[in-house]
Amino acid sequence: MPSYLLFIATIGGIYGLLALSLNLIWGGAGMVNLGLAGFFAVGAYASGLLTTAGQVPIVAGWMAALVAGGFAGLIVTLSTTRLRQDYLAIVTLGFAEVVRLVAANEIWLTRGTDGISGIPGPWKSALGQNFNSVYFLIVVAALVVVFLVVRRIDRSPYGRALRAIREDAQVAQVAGKPVLRFKTEAFTLSAAIAGLAGALYGHFTSYIAPDLFLPLITVYIFLAVASGGTGRPAGALLGAYLVMTLLESSRFFVEWIPGTTAVQRAALKELLIAVALILVLRLKPSGVLPERIPPAPRPATGASS
Amino acid sequence: MIDIVVQALVNGLVSGTLLAVPAIGFTAMFAVLRFPNFAVSGIATLGAFAGYLAYGAGLQMAGSLVVAFVVAGAAGLLFDEVAHLPMVKQGALPAAIASIASGLVLENLVRLGFGNDPRGYDRPIARDIRLGDIRVSPQQLETMGLALALMLAVFAILAFTRIGKAMRASADNPDLASLKGIRPERIAMIASFAGMGLVGVGGMLLGLDSAIDPLTGTRILLSIFAAAVLGGLGSVPGAVLGAFLIGMAEELSVLAVGSQYRAAVGFVAILAMLTLRPRGLLGERAY
Chain A
1 MPSYLLFIAT
11 IGGIYGLLAL
21 SLNLIWGGAG
31 MVNLGLAGFF
41 AVGAYASGLL
51 TTAGQVPIVA
61 GWMAALVAGG
71 FAGLIVTLST
81 TRLRQDYLAI
91 VTLGFAEVVR
101 LVAANEIWLT
111 RGTDGISGIP
121 GPWKSALGQN
131 FNSVYFLIVV
141 AALVVVFLVV
151 RRIDRSPYGR
161 ALRAIREDAQ
171 VAQVAGKPVL
181 RFKTEAFTLS
191 AAIAGLAGAL
201 YGHFTSYIAP
211 DLFLPLITVY
221 IFLAVASGGT
231 GRPAGALLGA
241 YLVMTLLESS
251 RFFVEWIPGT
261 TAVQRAALKE
271 LLIAVALILV
281 LRLKPSGVLP
291 ERIPPAPRPA
301 TGASS
Chain B
306 MIDIVVQALV
316 NGLVSGTLLA
326 VPAIGFTAMF
336 AVLRFPNFAV
346 SGIATLGAFA
356 GYLAYGAGLQ
366 MAGSLVVAFV
376 VAGAAGLLFD
386 EVAHLPMVKQ
396 GALPAAIASI
406 ASGLVLENLV
416 RLGFGNDPRG
426 YDRPIARDIR
436 LGDIRVSPQQ
446 LETMGLALAL
456 MLAVFAILAF
466 TRIGKAMRAS
476 ADNPDLASLK
486 GIRPERIAMI
496 ASFAGMGLVG
506 VGGMLLGLDS
516 AIDPLTGTRI
526 LLSIFAAAVL
536 GGLGSVPGAV
546 LGAFLIGMAE
556 ELSVLAVGSQ
566 YRAAVGFVAI
576 LAMLTLRPRG
586 LLGERAY
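Protein chains in written order, with the working numbering: chain A, 1 to 305; chain B, 306 to 592.
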């Protein structure tokens, strides 16, 4: 059973990275990314392909996943940052679908729906039984680094400018903030983190395929950020593990219901997640750890000017 | 070669006519309620299955479409009242995100009841009508005629009835409309019901030629959005124009890059349109 828990904790950590990625733009700048699963897939495929077919070291694959995710994010935002947020929602949703189409149909590159197997794990053969424990620590390390970076952003003047854009982009513009550049940068960084999460996922399970990157993952992450608390990195992280707990406990729960088929049990699980998201948004939109807005630093009183 | 292209354009015209129905529903809801309602995917599936059951129970095609309209409209109204509209006050995005969850709820309710296996409408087989080398099936003509009749009805209601005028006024300027005694909640309810009713009918119309399953609505979601964005979000005639263009572009894309990338046409069209002319072809809120 500990290996099961370790597996859950690792996947939960990867969802945590995705939640931090979403929180950076949704909580930070008030932008949405309904194609999170697509950026997750871009990272997974970039690293998976480079380390299998391209024979590059795993770390280089992860860096490539960061770059690929960020680049995809940049492309998607360039045409939409000037527009209302509704458009970004529609475009990102479409982006994830197209990523899945390409992954399923460009067989020469991605091996189509068969997926890519045999993605190497770091020191996998040397570690043997201990691979899962070590990999969990790697994911935790990545989480810590990303967490510190986004929290730093959150508390910096840059983060305050992002929140100003979230509250009222026009006012931020009038105050002299380069709104378009800030939004593009935030989205690119967020997409890069999602790409890294994808790479970590692929090298953990050693297998990726288009069907592993369904839009459902995006819904999980929205539930994670909404329930944990939008606008607070710690909330996003907590939310990711809340969702993981809900997912796993619901699996045991639906197996208790007699007379259901496998399809019905899967449907019940998805139903539960969707209803949970509606309930959280409706009843507790601030989440378990509500956003704390620190007072803006004031210049020391009495300073001569 | 020319024949193949003309045949693709004819097919595109047929599928564009069918696509126009849910696109009108989506864009009209956007005009009044001011958020993109992603529950369209689940509602279209629900409409397709409601129509399927009605048709299987012996109703005619038109009667089955009415059932699809009413069931989808009622579900759309319910979800808007319970899950989406209370959130619009916080902004369009929370409502849009909640509507994704609503779509997922509906999709999985259908899956619970019917499973994942595709089901086909049991329609009589008829010989294709041929004009030279161009073929059209009588079924295609029938569904196209029904879709056109429905569209005409929508335009007539918007142009000539009190409710239609109130809806246009409310979409154009909600404050001014309520000053004139138009109750915004009532207009919102009518928009939810009629808009989602059209989406449900669209799900059924687009499912008639092929099989339906719980993902039927998800598969047409991007095409619906693309039609609406192409014409200008919130513009009813724009949605019709956009639907024809997307329908034909999708059929032509099959010739150019094969059927596997049909679903990407909508995305490419959205991206190109937003980059070049974000207001859409006819501009937002044009009637």
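None of these hints come from the bench; they were simulated from the model.
Mixed in with the good hints there might be a few duds.
As the list claims (entries may be wrong) - If we take Cβ atoms under 10 Å as the criterion, some of the chain A residues that face chain B in the derived model are:
1) Leu74
2) Ile75
3) Val76
4) Leu78
5) Leu83
6) Ala89
7) Ala104
8) Leu212
9) Ile217
10) Thr218
11) Phe222
12) Ala266
13) Ile273
14) Val288
15) Leu289
16) Ile293
Claimed, not checked - Estimated spans, in silico, between C-beta atoms of each pair:
17) Ala561/B <-> Val275/A: 16 to 26 Å
18) Ile257/A <-> Pro391/B: 56 to 66 Å
19) Met306/B <-> Ala141/A: 56 to 66 Å
20) Ala561/B <-> Pro258/A: 36 to 46 Å
21) Asp514/B <-> Val275/A: 26 to 36 Å
22) Ser442/B <-> Leu214/A: 26 to 36 Å
23) Phe252/A <-> Met306/B: 39 to 49 Å
24) Phe253/A <-> Pro429/B: 24 to 34 Å
25) Arg582/B <-> Ile257/A: 43 to 53 Å
26) Leu560/B <-> Ala141/A: 44 to 54 Å
No residue lacks a Cβ here, since even glycine has one placed at the ideal position from N, Cα and C.
Report task. Let me know if the C-beta of Phe222/A comes in closer than 10 Å to any C-beta of chain B, holds or violated. Result -> With a minimum Cβ separation of about 6 Å from chain B (threshold 10 Å), the hint on Phe222/A holds.
Query raised in the report: Does the interface hint hold: is Ala266/A within less than 10 Å of chain B, judged Cβ to Cβ?
Result: For Ala266/A, the interface hint holds, since the closest Cβ of chain B sits about 8 Å away, which is under 10 Å.
Query raised in the report: Do Arg582/B and Ile257/A keep their Cβ atoms within the hinted range of 43 to 53 Å?
Result: At 52 Å between Cβs, range holds.
**Report entry** Consistency of beta-carbon spacing, Ala141/A to Leu560/B, with hint 44 to 54 Å
**Finding:** Holds, since Leu560/B and Ala141/A (Cβ atoms, about 51 Å apart) stay within the stated range.
Query raised in the report: Minimum Cβ distance from Ile217/A to chain B below 10 Å?
Result: Given a least distance of 12 Å, the restraint on Ile217/A is violated.
Query raised in the report: Within 36 to 46 Å or not, the Cβ separation of Ala561/B and Pro258/A?
Result: violated, 52 Å
Query - Satisfaction of the Thr218/A interface hint, Cβ to chain B closer than 10 Å - result: holds, 8 Å
Query raised in the report: With a cut-off of 10 Å, does the beta carbon of Leu212/A approach a beta carbon of chain B closely enough for the hint to hold?
Result: violated, 17 Å
Query raised in the report: In this structure, is the beta-carbon distance linking Ile257/A and Pro391/B contained in 56 to 66 Å?
Result: Taking Cβ atoms as reference, Ile257/A and Pro391/B lie about 31 Å apart, which means the hint is violated.
Query raised in the report: Honestly, do Met306/B and Ala141/A meet the 56 to 66 Å range at C-beta?
Result: holds, 59 Å
Query raised in the report: Minimum Cβ distance from Leu289/A to chain B below 10 Å?
Result: Cβ of Leu289/A sits 18 Å from chain B, so the hint is violated.
**Report entry** Residue hint Ile273/A, partner chain B, criterion CB-CB below 10 Å
**Finding:** holds, 7 Å
When held up to the earlier numbered hints, the structure conflicts with 1, 8, 9, 14, 15, 16, 17, 18, 20, 23, 24 and fits the remainder.
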